[in-house]
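A.B. asks: These protein sequence lines are chains A and B, in that order. Take the first sequence: its position 87, counted from the start at 1, is 87 in our numbering, and no numbers get skipped. Take the second sequence: its position 103, counted from the start at 1, is 103 in our numbering, and no numbers get skipped.
No lab work stands behind these hints, which were simulated from the structure alone. Each hint should be verified, as a subset may be incorrect.
[Claimed, not checked] Okay, derived cross-link-like pairs now, DSS-like style, lysine-lysine, Cα gap no bigger than 25 Å in a straight line:
id, chain 1, residue 1, chain 2, residue 2
1, B, 136, B, 179
2, B, 137, A, 174
3, B, 343, A, 213
4, A, 170, B, 137
5, B, 214, B, 68
6, B, 343, A, 192
7, A, 170, B, 214
8, A, 174, B, 136
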Amino acid sequence: MSFTVKTSLLENSDGSAQLITGDIKLIASVSGPIEPKPRQELPNVASLEIVIRPAVGLSGTREKALEDKLRSLLQAVIVRYKYPRQLIQVVIQFLSTPLTKYQGGAYSNHKDEVEYSNIELNAAINGCYFALVDAGIALYSSFASVCISLTEDHQTIDEEPEYIIDPNLKQLHKSDSHHVICFNIEDKKANKILLLESLGDFTEEQLFTVISKAVTQCELIHNDYQRKYITEKIDNDYVWKA
Amino acid sequence: MTTELKQVSFPPEVLARIVPDVSLQRHLSIGLRPNLRNFLEFKPIEIASNENNLTTSNNNIFGSSIIKSGNTTVINTITLGIVENNANEKVEDDVYVSIYPVVDIQRGRSGAPSDEEMILSQNLFETILHSKLIPKKSLNIESYGLATNEDGDIKIFYPNNNETSSSSNEYEDFESQRKRYSFVLFSHIKVFSKVSTIFDLCHVSILEALKNVKLPRVYMTDFSTTKIVMKSRNSNTRGLVGINKNNINIDLNQDLYYDLELNGDGGVSSNFGAITTTNRSENEDEEPQQQTVELLADLEGEAEEATILSRVSIIVDKSERIKRISLINGDNNSEIGLDLLQKAIDVAKLRAKNV
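Next up, chain B with everything else stripped away, as it sits in the complex:
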């Protein structure tokens, strides 16, 4: 007696879950990707108009962007910090700084940042830094205002729009002995419904947010003299010591906001993967089958993420200058050689020009 082995067949979505590589190959052999895009087709990105009310309705947000791509939404808000500059430090023209991004991928639970989030944040930080986008000079606080309290009436004087001459003299005294400060940029990136690698999306969102960053004026108060109690460790005597604590304040008067100056456009980030496909000939008997390495743009979905290990990420700006390339050939059978790298750069350039 013999038992016959029955051939099992799965519907496409089940096959995609158990053997993503087989499913991907089946799709590619008919010239399609699982997400129904062409091999070199990018997923469209929608950028919300600059006038979103994140910036206008929150006092602590100085730049923001909202990006959508498919179901994925990326919300980016930029906040400011102020640091004191080194006393003898001169800010040179060719010094560039970066932004400190904190990527937060929403998964319905809270906790410490995952490795993926940390790696993404660090890569974004290094990319912005080395693409020389934000000159240190543009974050420098050139001059700040002085608030005076005259009979309960608080006025802020700025060096370039002084109203009375008496206060301008006062200001100059103050100006000569002041400390130097500069802004620091923090970017908070929230990602909702992530389906693919999101470096590209985060990069766009930072650039869009940076483009509409408006920096506020800052001022100091000269009347915040307070007395604090000092107690010495060795004796029981207490004394009152007056300290003149110069507080740095941000002037939330939006008429005085000024634009952040950027160097260049920062570029457009594109990613590609390489996979070996077997072209099935029409005639089943025909041998041999042809194997070619195909380049896929903008990887998306479980099948592509799990199967394609040779990847390259390229940032090119409008003037065809390359800002970053990160290439890894993780798959020994389908490697990105020089010809495929060339092709990927060409596509990335074309995309940078048309976006």
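Chain A extracted, bound-state conformation:
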């Protein structure tokens, strides 16, 4: 797993972050708290507007479904009662995804039509975190997300299946199931599951193994990347920077 993060790269939004992880590159921007349109306004909490833009073409049902999943997650982590009657706008622009990388290239075969929108959800969640911190939006806790795929060897039945953390498109094609798990992190420890999206064919036992693997991975993301990049960001942000 690798993370490359750049924060505050957009001049006109309150917070922004560019994240490169695996084959996915995206920019997340956060504007808020700002004044909402009258129909968006909620009397006691902040309303959220999530916009996801694909790397190629216009957004469609696929992006709408991603927006929905991201919204239900952000609703649970943003301290919404701190900004009543206000709007927090989150925009995720994908710059490249595995599909755009492979289309027309060496990997353009019929399997391209198989969609793995969950790996984009995974990247969007992680990108959002940095942008929200950059915008100074109050959060209940930190959060980190990880994608794990699972490949069973169908020849040997009793063999332990292969767990791949942060799989690429080729590994996903071979996999039997894939899971995106987002944990909230308090005091450097993964505490509880915020979101779990699993698709494919798997058993209960495999699911719980995946969840336990995700705990260590999310803690790793937080301790190795999130803390590092936020420390860097704060060092650069203020006048007394070294």
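Place chain B on chain A using the hints.
C.D. replies: Okay, now just chain B, sitting in the frame of chain A:
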């Protein structure tokens, strides 16, 4: 002078509208849900028998299902499209495709699809795709017929039931240079009187419709040579060009229809929500009150939809394999932890076995 504040009381249905959360808590504290079901009781689903006349009386519908649950009715019809396969593409055994669902929730007005409909369609598409239900091979058009026009008498020859030997030779020539095609499935889902989350219902309706999909044979005509006028942009000369336009036609002879082969049963979808309830002790003076997180099955109605934000949707098949889990802990006070997830999976498994 003092004015006394009068205590206002509302009848239950008014209370449910103004403060759905309070109303829900009052119900739960006496061990009931607003819809009068038990905590882990599912709403019954009625599935109309396979012989509904949607399929038989409409030529363009190749599979259908009608589902009822309470007042909600879901009507699903499956239509077909034909696409040309990539020339050098080989259809492998382990390639699976999905169905393209269009969910339409009837609200008495028309217009662009709502976000809810789009999200539902996309989730259904991804679920069917990744549960590896429809092998690409079963939608492949292996061989198609050839229609010949002999003195106004149109006959269709199929490779496996040829009557005369002369036409079979003709057929082989035709077979060797043909293009490859496959079917595409479209599912049109109409939902009437929606009262709760309908992913589960739509999922059942797609599976039921897929089970009775009958695919038709297709044929080509070899006599559809037409002449069309071609005009060049740079000159004024016009010419007649003969094109042999091979039209793909669907043979509506129902005796030749064959079943769509599916991989597995697709599973049964169940949804749950978690909510913190306060158990009131019998004796009013007794403290402290006990707080427990309760799991509710098959959320329904305004109070449950608005108040319960921690939800999980699980699809399990008959052999206890899980096909999909979508969990979101939207409520920080009542979260679905590992123990509740375990419990939800157990209930979903039990339901999948008994449905």
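A.B. asks: Which hint numbers doesn't this structure obey?
C.D. replies: Hint 7 is the one this structure does not satisfy, whereas the remaining hints hold.
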